[in-house]
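There are 2 protein chains.
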Amino acid sequence: MQFITEQRLDDDLLEREFTLGDIPGILWTPGSAATPVPLILLGQSPIGLPAMYPRLLDRARAVAAEGYAAAVLELPGSGARPSSAVIDQARVDLQRALRTGEPVTDDIVDRLVLPLVEQAVPELQAALDALLALPELGGPVGYSGGVISIGTRLALVEPRIIAAVLFAGSFVPRSIIEEARQVTIPLHVLLQWDDEGNDRQQALDLFDAFGSTEKTLNANLGGHTGVPQHAGEAAGRFLARHLK
Amino acid sequence: MQFITEQRLDDDLLEREFTLGDIPGILWTPGSAATPVPLILLGQSPIGLPAMYPRLLDRARAVAAEGYAAAVLELPGSGARPSSAVIDQARVDLQRALRTGEPVTDDIVDRLVLPLVEQAVPELQAALDALLALPELGGPVGYSGGVISIGTRLALVEPRIIAAVLFAGSFVPRSIIEEARQVTIPLHVLLQWDDEGNDRQQALDLFDAFGSTEKTLNANLGGHTGVPQHAGEAAGRFLARHLK
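One line per chain: the protein sequences are A and B, in this order. Residue numbering for the first sequence follows my numbering, beginning at 498 and increasing consecutively. Residue numbering for the second sequence follows my numbering, beginning at 498 and increasing consecutively.
Hints listed in this document are in silico derivations from the structure and should not be mistaken for laboratory results.
Mimicking SDA-like on lysine to any residue, the simulated pairs with C-alpha atoms at most 20 Å apart in a straight line are: (1) A:Lys741 - A:Gly729; (2) B:Lys741 - B:Gly729; (3) B:Lys741 - A:Gln726; (4) A:Lys741 - B:Pro725; (5) A:Lys741 - B:Glu730; (6) B:Lys741 - B:Pro533; (7) B:Lys741 - B:Gly564; (8) A:Lys741 - A:Pro533; (9) A:Lys741 - A:Glu633; (10) B:Lys741 - B:Ala559; (11) A:Lys741 - B:His727; (12) A:Lys741 - A:Pro683; (13) B:Lys741 - B:Glu711; (14) B:Lys741 - A:Glu730; (15) B:Lys741 - B:Arg657; (16) B:Lys741 - A:Pro725; (17) B:Lys741 - B:Ala562; (18) B:Lys741 - A:His727; (19) A:Lys741 - B:Gln726.
Here are the computed distance ranges between Cβ atoms for each label pair: (20) B:Glu633 - A:Tyr550: 49 to 57 Å; (21) A:Asp509 - B:Arg734: 23 to 31 Å; (22) A:His721 - B:Ala531: 45 to 53 Å; (23) B:Ala594 - A:Ala630: 54 to 62 Å; (24) A:Arg697 - B:Ile501: 45 to 53 Å; (25) B:Asp508 - A:Pro725: 30 to 38 Å; (26) B:Gly564 - A:Arg578: 50 to 58 Å; (27) A:Pro656 - B:Arg552: 34 to 42 Å; (28) B:Arg734 - A:Ala630: 34 to 42 Å; (29) A:Arg505 - B:Gly564: 36 to 44 Å; (30) A:Ala623 - B:Lys741: 40 to 48 Å.
Some chain B residues near chain A, calculated using beta-carbon distances under 10 Å: (31) Val686; (32) Arg697; (33) Leu701; (34) Asp705; (35) Lys712; (36) Leu714; (37) Asn715; (38) Asn717; (39) Gly719; (40) His727.
No experiment lies behind these values; they were computed from the predicted model shown. Where a beta carbon is used, it is the ideal one built from N, C-alpha and C, also for glycine.
Looking at chain A on its own, in the form it has when it is part of the complex (with noise of 0.2 Å):
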C-alpha cells in the first residue's frame, strides 16, 4: 500500500489516498487519534470512487465524529480501474429490462454480482491486511455500506469485521441468499422501500435469511438515494455499539 497524498481537512480530518497495487482507495482518520482506532471499512458503488467522493466524505466525517477511522476502496470495473466486458454486458442488461420493464432474471443478476464478488473480496481482503498494520488504526473493524452481496461475503469470510452495516440497494444473486444463511455477526440492513434499481421482496427474503441472531431491518421510504439522515445516523449507532 501506497500512500499518494495527504491532506488536513478543516475539521482535523486526515485525508489520504492511496494505491494498493493498481487498486484506488482513500483512508480518513480523525485528527485526534492518539492510539490505534477502530475502522469502519466503507463500501463502495459501482459509480466509482471520484463520483461517490461526496458521499463516502459525509460518511468517513460521521465516522470519525465517533473516534474511528474509515478506509475506502475501488470496486473491480469502476472509476479508473479497468472495465470488465462481462460485468459492462450484464449491466447493459439490466439497464434494458428495468426500462422495458422485463423481468430482471437471476442470469443478468449472476452475471453482474458472481464476477464482482469474487473479485472485490479479497481486494478488501488484502486492503485490510494493509490498513490494520498501520500503527494508527487497531481492531476491531466494522464494515458499512456498498454493494450488499459483497458485504455479505465478507461478513461470511472476513473473520475481522466484527459487526455491519449493509445497504439492501441491489440485486442479489440466489447464491448470495444461500450464503446468508451461514453469516453470524451482527447486522444492521438499510432498505430503501421503493428502490428502483432493487427488488424488495428480494431484499426482505436476504433479510430473512441472515442467520445472525443480532439482525435489523431499518427500512425507509422514498428511493435509491433517499436515505433519511436518522437512518444513517441508526446505522452510526449500530456501529458503535459494536465496536466500543
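Please build the complex by placing chain B on the supplied structure of chain A, with the hints as guidance.
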C-alpha cells in the same frame, strides 16, 4: 376524569391512577415539569393494565427522561373491565387456530379486532380531551405501541396526534390496511420478525399501505416480547424528533 391514587416514585416520576367514567388509566408526569409538557399516549395490550404495568412503567420512565408525560387507558374487555362475549369468542378461535396450525381467517381477525377499534378509539379521544385539559399537559401528542389497528385508526381520525410508533404485533383486518392508505402522519413501525402472534406478510403489507411520506420500519429478530433495547431507544428518538 378522577384521580384515585397519587404517588411520587423514587426517580421523581409522579404516577397517578385515574378513572375516566368506569375506565381505569394511569398518568405519569416527570417530576421536574414546570411548564406544560408534551404527552405520549401509550397503546395498551389486551392482557390488561395489571399484567402490563411493569412494561408500561419502563416506557413511561423512558418518556419522562425526554421530559414528556405518558398516559395509558385500559382496553375494552381487558383487566378489570367487563369482558366482551364477541371478542372473547374470537380470542378462543384465534388461539385454537394458532394451536392447531389452521389458517387465521379474515373472519376471526375481524371479529377480534374491529369491535376493539370501534370502542377503544373514541375512549382514547375522550381521554385526550380530559388529559389535555390538565394545566401540566400541553400539546403536541405522540402515540406509542399497543394494538396496531387501534393506533392506525387513531392516527387517521385524531388530529392532536402528530407522530406514532406502531407495534406490528397483532393481526390486522383488511379494512384497516385500506384505512392505512389515508394515514399521513410520520410513523415508526416496530416489527418482531418471528412474532408468534402476528402475520409477517400482513405487517409488511400494512407498512406498505400507510400513506405517510415519512415512515420507518424497524424490524428485529425475535418473538413478540423480544423487542431489543436499541429498538425501544430508536422509537423514543423518533418521538423526540417530532415532538420537540
